[in-house]
Each structure stands twice: as C-alpha cells, then as structure tokens.
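Asks: Protein sequences appear in the order of chains S and E.
When the letters of the first sequence are read in order and numbered with UniProt numbering, they come out as residues 1 to 416.
When the letters of the second sequence are read in order and numbered with UniProt numbering, they come out as residues 1 to 416.
Derived by calculation from the structure, the hints in this document are not laboratory data.
Remember, it's a predicted structure, so these values are computed and weren't measured experimentally.
Fair warning: there could be bad hints in the mix.
The following label-pair restraints were derived from C-beta to C-beta distances [claimed, not checked]: (1) Thr60/S x Val292/E: 41 to 49 Å; (2) Glu217/E x Gly143/S: 56 to 64 Å; (3) Pro183/E x Glu56/S: 29 to 37 Å; (4) Glu217/S x Ser59/E: 38 to 46 Å; (5) Lys223/E x Glu17/S: 50 to 58 Å; (6) Gly149/E x Glu56/S: 26 to 34 Å; (7) Lys110/S x Asp118/E: 26 to 34 Å.
Covered by chain S, according to a simulated footprint, are these stretches of chain E (three or more residues, beta-carbon under 8 Å) [said to hold, decoys possible]: (8) 14-20; (9) 81-88.
Pairs of lysine to aspartate or glutamate, EDC-like flavour, derived with a Cα cap of 20 Å [said to hold, decoys possible]: (10) Lys400/E x Asp193/E; (11) Lys120/E x Asp106/S; (12) Lys120/S x Asp140/S; (13) Lys55/E x Glu17/S; (14) Lys91/S x Asp87/E; (15) Lys225/S x Glu168/S; (16) Lys318/E x Asp273/E; (17) Lys120/E x Asp140/S; (18) Lys55/S x Asp87/E; (19) Lys55/E x Asp87/S; (20) Lys340/S x Glu287/S; (21) Lys86/S x Glu56/E; (22) Lys120/S x Asp106/E; (23) Lys225/S x Asp176/S; (24) Lys120/S x Asp193/E; (25) Lys221/E x Glu168/E; (26) Lys400/E x Asp182/E; (27) Lys91/E x Asp142/S; (28) Lys120/E x Asp87/S; (29) Lys324/S x Glu334/S.
A virtual CB, placed ideally from N, CA and C, is assigned to each residue, including glycine.
There are 2 protein chains.
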Amino acid sequence: MALIVQKYGGTSVGNPERIKNVARRVARFRGLGHQVVVVVSAMSGETNRLLALAKEIQSTPDPRELDVMVSTGEQVTIALLAMALKDLGLKAKSYTGAQVRIVTDDAHTKARIVSIDDNKIHADLDAGHVVVVAGFQGVDEDGNITTLGRGGSDTTGVALAAALKADECQIYTDVDGVYTTDPRIVPEARRLDTITFEEMLELASLGSKVLQIRSVEFAGKYKVKLRVLSSFEEGGDGTLITFEDDDKMEKAIISGIAFNRDEAKITVLGVPDRPGIAYQILGPVAEANIDVDMIIQNVGADGTTDFTFTVHRNEYAKAIAILKGVQAHIGAREVVGDEKIAKVSVVGVGMRSHVGIASAMFRTLAEEGINIQMISTSEIKISVVIDEKYLELAVRVLHKAFNLDESSTPLLTTSK
Amino acid sequence: MALIVQKYGGTSVGNPERIKNVARRVARFRGLGHQVVVVVSAMSGETNRLLALAKEIQSTPDPRELDVMVSTGEQVTIALLAMALKDLGLKAKSYTGAQVRIVTDDAHTKARIVSIDDNKIHADLDAGHVVVVAGFQGVDEDGNITTLGRGGSDTTGVALAAALKADECQIYTDVDGVYTTDPRIVPEARRLDTITFEEMLELASLGSKVLQIRSVEFAGKYKVKLRVLSSFEEGGDGTLITFEDDDKMEKAIISGIAFNRDEAKITVLGVPDRPGIAYQILGPVAEANIDVDMIIQNVGADGTTDFTFTVHRNEYAKAIAILKGVQAHIGAREVVGDEKIAKVSVVGVGMRSHVGIASAMFRTLAEEGINIQMISTSEIKISVVIDEKYLELAVRVLHKAFNLDESSTPLLTTSK
Numbered sequence: 001m002a003l004i005v006q007k008y009g010g011t012s013v014g015n016p017e018r019i020k021n022v023a024r025r026v027a028r029f030r031g032l033g034h035q036v037v038v039v040v041s042a043m044s045g046e047t048n049r050l051l052a053l054a055k056e057i058q059s060t061p062d063p064r065e066l067d068v069m070v071s072t073g074e075q076v077t078i079a080l081l082a083m084a085l086k087d088l089g090l091k092a093k094s095y096t097g098a099q100v101r102i103v104t105d106d107a108h109t110k111a112r113i114v115s116i117d118d119n120k121i122h123a124d125l126d127a128g129h130v131v132v133v134a135g136f137q138g139v140d141e142d143g144n145i146t147t148l149g150r151g152g153s154d155t156t157g158v159a160l161a162a163a164l165k166a167d168e169c170q171i172y173t174d175v176d177g178v179y180t181t182d183p184r185i186v187p188e189a190r191r192l193d194t195i196t197f198e199e200m201l202e203l204a205s206l207g208s209k210v211l212q213i214r215s216v217e218f219a220g221k222y223k224v225k226l227r228v229l230s231s232f233e234e235g236g237d238g239t240l241i242t243f244e245d246d247d248k249m250e251k252a253i254i255s256g257i258a259f260n261r262d263e264a265k266i267t268v269l270g271v272p273d274r275p276g277i278a279y280q281i282l283g284p285v286a287e288a289n290i291d292v293d294m295i296i297q298n299v300g301a302d303g304t305t306d307f308t309f310t311v312h313r314n315e316y317a318k319a320i321a322i323l324k325g326v327q328a329h330i331g332a333r334e335v336v337g338d339e340k341i342a343k344v345s346v347v348g349v350g351m352r353s354h355v356g357i358a359s360a361m362f363r364t365l366a367e368e369g370i371n372i373q374m375i376s377t378s379e380i381k382i383s384v385v386i387d388e389k390y391l392e393l394a395v396r397v398l399h400k401a402f403n404l405d406e407s408s409t410p411l412l413t414t415s416k
Numbered sequence: 001m002a003l004i005v006q007k008y009g010g011t012s013v014g015n016p017e018r019i020k021n022v023a024r025r026v027a028r029f030r031g032l033g034h035q036v037v038v039v040v041s042a043m044s045g046e047t048n049r050l051l052a053l054a055k056e057i058q059s060t061p062d063p064r065e066l067d068v069m070v071s072t073g074e075q076v077t078i079a080l081l082a083m084a085l086k087d088l089g090l091k092a093k094s095y096t097g098a099q100v101r102i103v104t105d106d107a108h109t110k111a112r113i114v115s116i117d118d119n120k121i122h123a124d125l126d127a128g129h130v131v132v133v134a135g136f137q138g139v140d141e142d143g144n145i146t147t148l149g150r151g152g153s154d155t156t157g158v159a160l161a162a163a164l165k166a167d168e169c170q171i172y173t174d175v176d177g178v179y180t181t182d183p184r185i186v187p188e189a190r191r192l193d194t195i196t197f198e199e200m201l202e203l204a205s206l207g208s209k210v211l212q213i214r215s216v217e218f219a220g221k222y223k224v225k226l227r228v229l230s231s232f233e234e235g236g237d238g239t240l241i242t243f244e245d246d247d248k249m250e251k252a253i254i255s256g257i258a259f260n261r262d263e264a265k266i267t268v269l270g271v272p273d274r275p276g277i278a279y280q281i282l283g284p285v286a287e288a289n290i291d292v293d294m295i296i297q298n299v300g301a302d303g304t305t306d307f308t309f310t311v312h313r314n315e316y317a318k319a320i321a322i323l324k325g326v327q328a329h330i331g332a333r334e335v336v337g338d339e340k341i342a343k344v345s346v347v348g349v350g351m352r353s354h355v356g357i358a359s360a361m362f363r364t365l366a367e368e369g370i371n372i373q374m375i376s377t378s379e380i381k382i383s384v385v386i387d388e389k390y391l392e393l394a395v396r397v398l399h400k401a402f403n404l405d406e407s408s409t410p411l412l413t414t415s416k
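All chains should be built: construct the whole structure from the sequences, respecting the hints.
Replies: The following block contains the structure:
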C-alpha cells in the first residue's frame with residue numbers, strides 16, 4: 001500500500017466525461033489498496049474565460065481580486081471530481097487551497113508555497129477518503145486567496161507529495177512521458193524510462209513543456225519521486241524523474257535534444273569595453289520586465305565589444321526600442337537584431353564525464369552546412385542559436401548523431 | 001455619515017456593464033461620506049450553469065461538493081465588483097463567506113447563519129474601504145463551505161446589517177419597491193412608501209417575489225431597517241419596511257392584493273371523521289417533501305368529512321398519486337383535484353382592527369360572479385381560491401374596491 005499524489009491538468013479534466021475518466025483511474029488505484037490524493041487544475045479554457053471577464057472590468061485587474069476570481073476555476077473542478085468519485089461509490093472530499101491550508105507568501109498571481117498543513121488530509125486518508133485538492137492556489141498568512149501563477153498546479157502536486165511524504169507524485173498530462181526530442185519532428189524519438197532532475201530542468205526550461213520548472217526544482221529539493229504519465233492512455237509507466245546518484249549504470253550520455261523557436265536575438269555593436277557595461281545594457285531591459293535567456297559577450301580588439309542576448313520573440317520589438325533609447329548614453333555604435341532564429345540544445349548529465357560532445361555537435365551541424373550564430377554551455381547542456389529555417393534539420397541530425405533514435409543501439413553509453 | 005449595507009441580486013450584476021453601474025452607485029454613497037458594505041449574488045445564469053455541470057457528473061449532486069462548486073458564482077462577482085470599485089479610484093476589498101467568517105450550521109445547500117465575525121469588516125470600513133461580501137454562502141464550524149439556499153443573498157445582506165449594526169440595509173432588485181399589486185395586471189398599482197414587516201411577510205409568501213421570506217424574518221427579529229429599491233433607476237426612495245409600532249397613523253387598512261397561480265387543489269372526499277385523520281392524509285405527502293399551503297377541513301353530517309389542501313402545481317400529479325395509494329387505507333371515498341385554480345389574498349395589518357374586510361372582499365367577488373372555492377384567513381390577510389380564469393378580474397376589482405388605485409383617495413384610512 002502506497003500513498004500516491006496524482007495531478008491532472010486542465011486538458012485531463014476538460015469536460016465531464018474526462019472528469020469521470022479521472023475518477024475511474026483513481027478508483028483503480030484505490031482498488032489496489034493505495035491511498036490517493038488528487039490535485040486538479042481548472043477545466044481547460046476556464047482560466048482564460050475568467051481572465052477575459054476581469055479585463056472587461058479593469059484593463060489591469062487588481063492582483064488580489066484576480067486571485068479571488070481565478071481560483072474559482074480549480075474550485076469547480078475539485079467539486080466535480082469529488083462528485084464523480086462518490087458516484088463510483090468511493091469516499092471522497094474536496095479542499096480548496098485555503099481549506100487545506102496551503103500557506104503562501106502574499107505575492108498575488110505568483111505566490112510561493114511557505115507551508116502545508118497535512119493534518120486534515122492524513123486524517124481523511126486514514127478514514128478511507130480520496131482527497132481532492134485544488135491546484136495552483138493557497139492563502140497568505142492573513143487569509144487572502146493567492147495563486148501560484150499559471151501552471152502552478154504541478155507545484156501544488158509536488159509540494160503536497162513532499163508535505164505528505166508520499167511514495168510517488170504522478171503528473172498526468174497529454175503526453176505519455178518525456179521524449180528524446182519532439183516526435184513531431186523526429187518520428188524515431190524515444191520515450192525515456194528515466195531522466196535525471198537536472199536533465200529535466202534543462203529540458204523543461206528549453207521548451208519541452210511537460211512539467212513546470214518550479215515543480216521540478218521543488219521535487220529535487222524535497223526528493224519527491226516524480227513520474228510523468230499520459231492521462232489518456234492506460235498501462236504505460238511514463239517517465240520517472242530520478243536523482244542522478246540513484247542509477248548511474250548504463251546511462252546514455254545524452255538524454256535528449258531540446259529546441260525553442262520563440263526567441264529573437266539582439267546585438268549591441270561597438271560597446272566600450274568597460275566595467276558595468278553589461279548592467280547598463282540589461283538594466284533597462286530587466287526594468288521593463290523582459291526576460292533575457294542567452295547572453296554572450298566577447299572582448300574585442302579596439303577597446304570595444306559586441307554584446308548579444310536573446311529574448312522572447314513577443315518582446316523583441318519592445319527590447320529593441322529600449323536599447324535604441326539608451327544606445328547613445330552607453331556609447332554603442334549600433335543595435336541590430338534577428339527574429340528568425342532558433343535555439344537547439346543537447347542535454348545530458350553524461351556529458352560531464354565525456355569530452356568531445358561539443359565537438360561532435362558542432363561537426364554534425366557543420367556537415368549539414370548549418371552556421372552556428374551563438375553558443376552557450378552549462379554542465380549538462382550545450383545550446384546553439386541557428387537560422388530558424390534549419391531547426392528541424394538540426395534536431396533530426398543531432399538526434400541521429402547521438403544515437404537517440406528508437407531503432408538504433410546506443411553507441412555512446414557509459415558503464416561508469 | 002451612515003453605515004449602509006447594499007445587496008445586489010444576479011440581474012443587477014448580470015454583466016460587466018451592470019457591475020460597473022453598481023460600482024458607480026456605491027461611489028456616490030461613498031462620496032456622501034457613508035460607509036458601504038456591498039453583498040452580491042452570482043451573475044444571473046451562473047448558478048444554473050454550475051448546477052447543470054454538476055448534474056452531468058452526478059444525477060443527485062453530493063450536497064457538500066455542490067456547495068463548494070456553486071459558491072464560486074458569488075466569488076467571481078465579488079472580485080469583479082472590487083475591481084470595478086478600484087477602477088473608480090475607491091479602496092475596496094472582497095470577502096467570501098468563509099473569509100468574513102459567516103458561520104452557518106452544516107445543512108449543506110440550505111444552511112442557516114449562526115454567527116458573523118464583524119472585526120475584519122469594521123477594520124476595513126474604518127480604513128476607508130468599501131467591503132464587498134459574497135452573498136448566499138458561509139462555512140460551518142469545521143470550515144466546510146455551505147450555501148444558504150437559493151435567494152439567500154438577501155439573508156446575507158440583512159444578517160450582515162444586523163451584525164454590523166448598520167443604519168440601513170438596501171436591497172436592490174429589478175423593481176423599484178413593493179406595489180399594492182402587480183402593475184402588469186393593474187396599471188393603477190401604487191408603490192408603497194412603507195410597509196410593515198408582517199405585511200411584507202404575507203406578500204412575499206403569497207408570491208410577490210421581491211424579497212426572500214427568510215431575510216424579512218431576519219430583519220424583523222434583529223430590527224434591521226430594510227429598504228427595497230431599483231438597481232436600474234436612480235432617485236427613487238423605494239419601499240421602506242417598518243415595524244408596525246413605528247407609524248400607526250394614517251395607515252391604510254389594506255396594503256396590497258397578492259396572488260398566486262402556481263397552486264393546485266386536492267380534495268379527499270368522504271373521509272371518516274376521527275382523530276388523526278389529517279395526519280394520515282398529510283403524513284405521506286410531507287414524507288415525499290411536498291409542501292402544502294392552504295388546508296381546509298369541514299365536519300360533515302354523516303360521520304365523514306371532506307379534506308382539501310393546495311400544493312404547488314408541479315407536485316400536483318405526485319400528490320394525487322400518493323393519495324390514491326393511501327385512499328383505501330384511510331377509508332376515503334374519493335380523491336379529486338383541480339389544477340386550474342388561483343389564490344388571491346387581501347393583505348394589511350389594518351384589518352385587525354376593522355371588521356367587515358372579509359365581507360367587503362366576498363361581496364366584491366360575488367358582484368363579478370366569481371365563485372369562491374376555498375377561504376383561509378390569518379390576522380392580517382384573507383385568501384380565497386377561485387377559478388384561474390377569473391384571477392386578473394378578481395385582482396383588479398379588489399384593488400379598486402379597497403381604494404388602492406393610484407388616482408383614488410383612500411377611503412378606508414384609519415387615524416387610530
């Protein structure tokens with residue numbers, strides 16, 4: 001008998017029929033003798049409907065009131081799922097974040113969980129109930145309703161699993177696990193049985209939108225056993241996210257190829273090469289709440305340097321305008337940019353102990369005549385920025401070069 | 001400077017534009033220096049939408065979970081109204097029933113208010129906030145969400161006014177006050193400036209659906225000054241609901257003509273005239289949760305009697321079936337019924353001290369050839385059941401006979 005936390009996203013509870021399907025799956029786990037806590041999101045579309053309603057009233061809705069409003073989305077789902085479970089003859093009870101109590105800080109619309117009271121839930125589980133908890137929400141110390149920001153239901157699931165010391169946290173999504181890359185681009189993409197937390201973090205932040213980054217960090221911090229499964233297919237074991245130390249044997253060096261075509265590149269040319277210049281360039285960008293991803297700076301020969309970074313494509317125009325505004329002040333020669341870029345990354349904890357991954361990657365791209373515009377590396381990933389039109393080609397040839405194809409026998413495995 | 005509780009129903013907050021109108025009215029009261037607490041219902045249609053969703057999951061939705069779900073309707077409205085108020089530059093803060101805390105018993109879907117914590121609201125009012133409270137909901141002692149049953153937002157408004165010792169509770173509806181009868185039937189119907197609680201109770205229960213009965217009882221019990229106003233028209237003073245003792249002078253004997261065409265009549269003929277027979281007839285009806293309105297029994301000559309009562313027309317078929325089932329057991333001769341009836345009532349505290357009201361009523365109906373099928377009286381009303389086809393005629397002639405027409409000078413006023 002295990003204690004399992006299951007999390008279902010908006011698509012998995014998108015209509016009454018799907019909610020009944022979730023109830024049937026929960027019933028099977030109960031039938032095996034497991035205790036089950038279910039975390040649910042709002043039905044798909046509901047959060048956007050509520051946001052639109054709020055914007056009809058106030059162009060920038062008040063954050064406290066927006067949380068009061070948006071949190072009703074999950075509240076509706078928990079009630080419906082509890083009804084569906086009772087309809088199957090199970091004992092079930094729903095809780096809002098406030099009722100649990102999931103205490104957060106008071107940063108409305110992007111709150112962080114501070115503590116979770118596990119008393120009621122444990123008592124209910126011991127009394128044979130399935131406990132259904134609203135994801136994405138909590139209350140601050142003063143009892144004001146807060147939300148964790150979009151996608152925060154994953155975090156609720158992991159945080160509950162940590163607080164309850166659950167045996168496993170299962171995240172049900174519309175994919176059946178984590179793949180070596182996007183199967184729509186590379187049909188030979190394989191589902192990974194296991195992946196390390198660090199790889200998952202890199203894959204998630206690079207655009208494999210399977211799990212919320214924050215939830216993965218949370219799971220790593222509290223050593224929660226996390227599994228990604230499909231809510232629409234039965235029987236698969238999904239992908240288990242592990243700690244590297246658990247299982248070093250037979251691990252592939254490279255776990256997957258991630259990519260992102262939402263970025264744009266901006267270069268500030270001929271910047272005086274003096275201390276504080278990076279701050280002078282990125283400060284105004286950060287103040288405008290524009291997130292910056294890759295940042296590259298090379299020292300030039302004539303006392304000036306070129307400074308390049310990437311931003312989300314939606315914020316490209318805004319960022320360019322800001323930089324043109326400060327160009328004279330910082331003494332830069334020119335501000336140029338390119339929206340037609342893509343980022344491709346090779347990810348894997350194995351590369352730490354293997355030289356030659358970077359050169360293999362660059363050689364593979366060179367053989368296809370793909371020019372590399374930017375390079376950025378971390379301990380477990382190498383990212384390159386290339387012309388957008390080569391994206392699919394690059395992903396396919398890298399997937400093959402690192403033996404990630406389903407049919408191939410991995411050559412680059414390690415037994416140490 | 002006064003403390004005013006205003007309650008707006010679902011139609012008054014039915015869309016963003018109407019919510020903004022409510023905010024503008026509240027702003028005007030704030031501008032006059034008043035403290036304002038606003039109680040709101042769910043946007044019209046929302047509660048029915050949620051109920052329908054629940055029924056797709058469970059044919060008889062679990063009451064605890066139904067309350068969790070349906071209470072989101074008001075939660076959305078409080079957030080939207082608070083946003084609209086802030087958009088006008090006012091300070092505003094929303095509270096769910098649980099946040100206030102409005103503590104109720106644990107009778108889900110029809111809970112009763114036990115206590116209200118007024119600390120937070122008073123503190124917010126003193127800090128210059130408009131406080132927006134979700135109507136219709138509360139929490140039980142264990143923190144489970146409860147609802148007061150449909151229409152319960154009026155009760156929330158009155159209960160809050162009592163707890164906060166407000167100077168006035170204003171109920172905004174789609175009518176601009178209480179009329180002597182339905183203006184759609186009698187164009188000369190007059191809006192009453194004042195009406196007593198008792199008259200209001202009789203008028204409400206007889207089908208003048210301006211206020212929830214329970215809220216009027218509550219107001220009477222806690223001596224809350226209650227006023228009914230239009231949320232769509234400006235400037236009127238509506239109808240003030242008073243205690244009889246306040247103002248006995250110049251009061252009309254009859255305050256209005258109420259009617260109800262939702263009822264059906266059932267007669268059990270030839271019942272043995274023995275103790276306990278009323279219970280034997282009505283017991284099975286009550287067990288089936290069928291509400292009974294008028295009940296009449298006359299002693300017959302031959303040791304048997306006829307027993308007649310009225311039920312809601314929707315439950316007529318069910319009630320007839322139940323009685324035919326027990327007919328043999330109670331030894332009745334026959335069960336007959338009539339769906340084509342209507343009830344007309346003359347209401348007024350003044351009639352207590354005036355003989356002749358009943359005979360004036362009966363004479364008026366007789367002059368029009370309207371046969372009276374049943375009669376029932378209380379201290380402040382006389383009700384008759386007549387053929388449905390005469391309903392409008394009866395209301396019109398009674399309205400005129402008791403000098404309720406706008407143009408007429410009331411003859412039957414009293415100065416004692």
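Asks: When the structure is checked against the list of hints, which entries are broken? Sort them ascending.
Replies: 1, 2, 14, 16, 20, 24 and 28
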